[in-house]
Amino acid sequence: MTAAVNTNPGLASRLVNGILAIQPLANLAKHQARQMMIKRAERIGVPWTQEVKTLQALDWKDDLAQVENLQLSYPDYYVTSFHAYETGNLSWQAAFEVEPAAYAVHAKIWQDAEEAQGDPMLRQSYHNILKNQIPNEPRDILDVGCSVGLSSFALQAVYPHAKITGLDLSPYFLAVANYRAGQRQANINWLHAQAESTGLPDASFDLVSIFLMCHELPQGPTRQILAEMRRLLRPGGYLAIMDMNPKSEVYKKMPAYILTLLKSTEPYLDEYFALDIEQAIVEAGFQTPTIINNTHRHRTAIAQVSG
Numbered sequence: 001m002t003a004a005v006n007t008n009p010g011l012a013s014r015l016v017n018g019i020l021a022i023q024p025l026a027n028l029a030k031h032q033a034r035q036m037m038i039k040r041a042e043r044i045g046v047p048w049t050q051e052v053k054t055l056q057a058l059d060w061k062d063d064l065a066q067v068e069n070l071q072l073s074y075p076d077y078y079v080t081s082f083h084a085y086e087t088g089n090l091s092w093q094a095a096f097e098v099e100p101a102a103y104a105v106h107a108k109i110w111q112d113a114e115e116a117q118g119d120p121m122l123r124q125s126y127h128n129i130l131k132n133q134i135p136n137e138p139r140d141i142l143d144v145g146c147s148v149g150l151s152s153f154a155l156q157a158v159y160p161h162a163k164i165t166g167l168d169l170s171p172y173f174l175a176v177a178n179y180r181a182g183q184r185q186a187n188i189n190w191l192h193a194q195a196e197s198t199g200l201p202d203a204s205f206d207l208v209s210i211f212l213m214c215h216e217l218p219q220g221p222t223r224q225i226l227a228e229m230r231r232l233l234r235p236g237g238y239l240a241i242m243d244m245n246p247k248s249e250v251y252k253k254m255p256a257y258i259l260t261l262l263k264s265t266e267p268y269l270d271e272y273f274a275l276d277i278e279q280a281i282v283e284a285g286f287q288t289p290t291i292i293n294n295t296h297r298h299r300t301a302i303a304q305v306s307g
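Take the sequence shown: its position 283, counting from 1, is numbered 283 in my numbering, and each next residue is one higher.
Calculated directly from the structure, the hints in this document are not laboratory data.
There may be inaccurate statements among the hints.
Think about it this way: if two alpha-carbon atoms lie no more than 30 angstroms apart in a straight line, the pair counts; the simulated DSSO-like pairs of lysine-lysine are [claimed, not checked]:
no.	residue 1	residue 2
1	K39	K252
2	K39	K131
3	K252	K108
4	K131	K247
5	K108	K61
6	K39	K53
7	K53	K253
8	K61	K252
9	K108	K53
10	K108	K253
11	K247	K108
12	K108	K131
13	K61	K163
Treat the numbers as computed from the prediction; the structure is a model and nothing was measured.
All chains, please: the whole structure from these sequences, using the hints.
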């Protein structure tokens, strides 16, 4: 039986939603959020502007052709504004800015560390949990929502003998991932597909990793993806999800101005915060997950296939 989930946001969140329902104010919030990230990146030594110019100057036809599935249909929830980009993840600009944005967003996670090390340290905290919770090294790993490959390359460093597949819905992200793989001489299989319906064979993987993706989804697709991951995992396989922790005091106490900027770039945040991820994972056919906080605002859920 599925328990009822309270999807009603709190007072502060409802006020923010009211502001964002006014289009000029929503556009202003998106602009401010974007400018704040660019300024933070440049301040901590991440050359956002120069890096984007370098990527824009390249010819992307071959990389795009190698990864793009022209038969793919995009779900409605994906064809919308994300992260201050009107076309969301379906644009070159979004793809070119993913990496510097990651460094900017995660700059302030650890108080005593260099801000530019925030993103690598976040990934390392996640991988430490994987190593501690999964006794045997996986042979085949699926990185869902792999974006431009940052999470895939990091997983390859942790599990150098594993065969890794990076899956994403954005062909632009995957084209950049393919380019970066060439620079790194990394052997990763890039798959342009819906996570809800991958087209991959049953029982193909020992580990499915979902890193910072679920907060970008409505609850319905999240549940469909969990069911698909259950199908793809071998007996004894593991699902690992690292994402924002809705129970974190950081989000509960977040000033209204910052919450407005955050929600202006994350259209499904209310649904994510209301999702009982533990229950959803169990309903998809997994054992009760282990939930571990890996920062003061992120958590990792690891669950083994039931039976």
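How the hints compare with the structure:
At roughly 25 angstroms between alpha-carbon atoms, K39 and K252 fall within 30 angstroms of each other, so this suggested pair holds. A hinted pair counts as satisfied when its Cα atoms are at most 30 angstroms apart, and K39 with K131 does not qualify at roughly 35 angstroms. Distance hint between K252 and K108 is fulfilled; the C-alpha atoms sit about 17 angstroms from each other, no more than 30 angstroms. For the given pair, K131 sits about 24 angstroms from K247 by alpha-carbon distance, which is consistent with the 30 angstroms threshold.
With a C-alpha separation of about 36 angstroms, the suggested pairing of K108 with K61 is violated against the 30 angstroms cut-off. At most 30 angstroms may separate the alpha-carbon atoms for a hinted pair to count; K39 and K53 meet this at roughly 16 angstroms. Restraint check for K53 and K253: not satisfied, since their Cα atoms lie roughly 37 angstroms apart, outside the 30 angstroms limit. A threshold of 30 angstroms between alpha carbons decides the hint, and for K61 with K252 the separation of about 45 angstroms lies outside it, so the pair is violated.
Straight-line distance between C-alpha atoms of K108 and K53 comes to about 26 angstroms, which keeps the hinted pair within the 30 angstroms bound. Between K108 and K253 the CA atoms are separated by roughly 16 angstroms; this keeps the pair inside 30 angstroms, and the hint holds. Of the supplied pair hints, the one linking K247 and K108 holds, its CA atoms being roughly 19 angstroms apart against a limit of 30 angstroms. The suggested pairing of K108 with K131 holds, with an alpha-carbon distance near 25 angstroms, which does not exceed 30 angstroms.
Straight-line distance between C-alpha atoms of K61 and K163 comes to about 26 angstroms, which keeps the hinted pair within the 30 angstroms bound.
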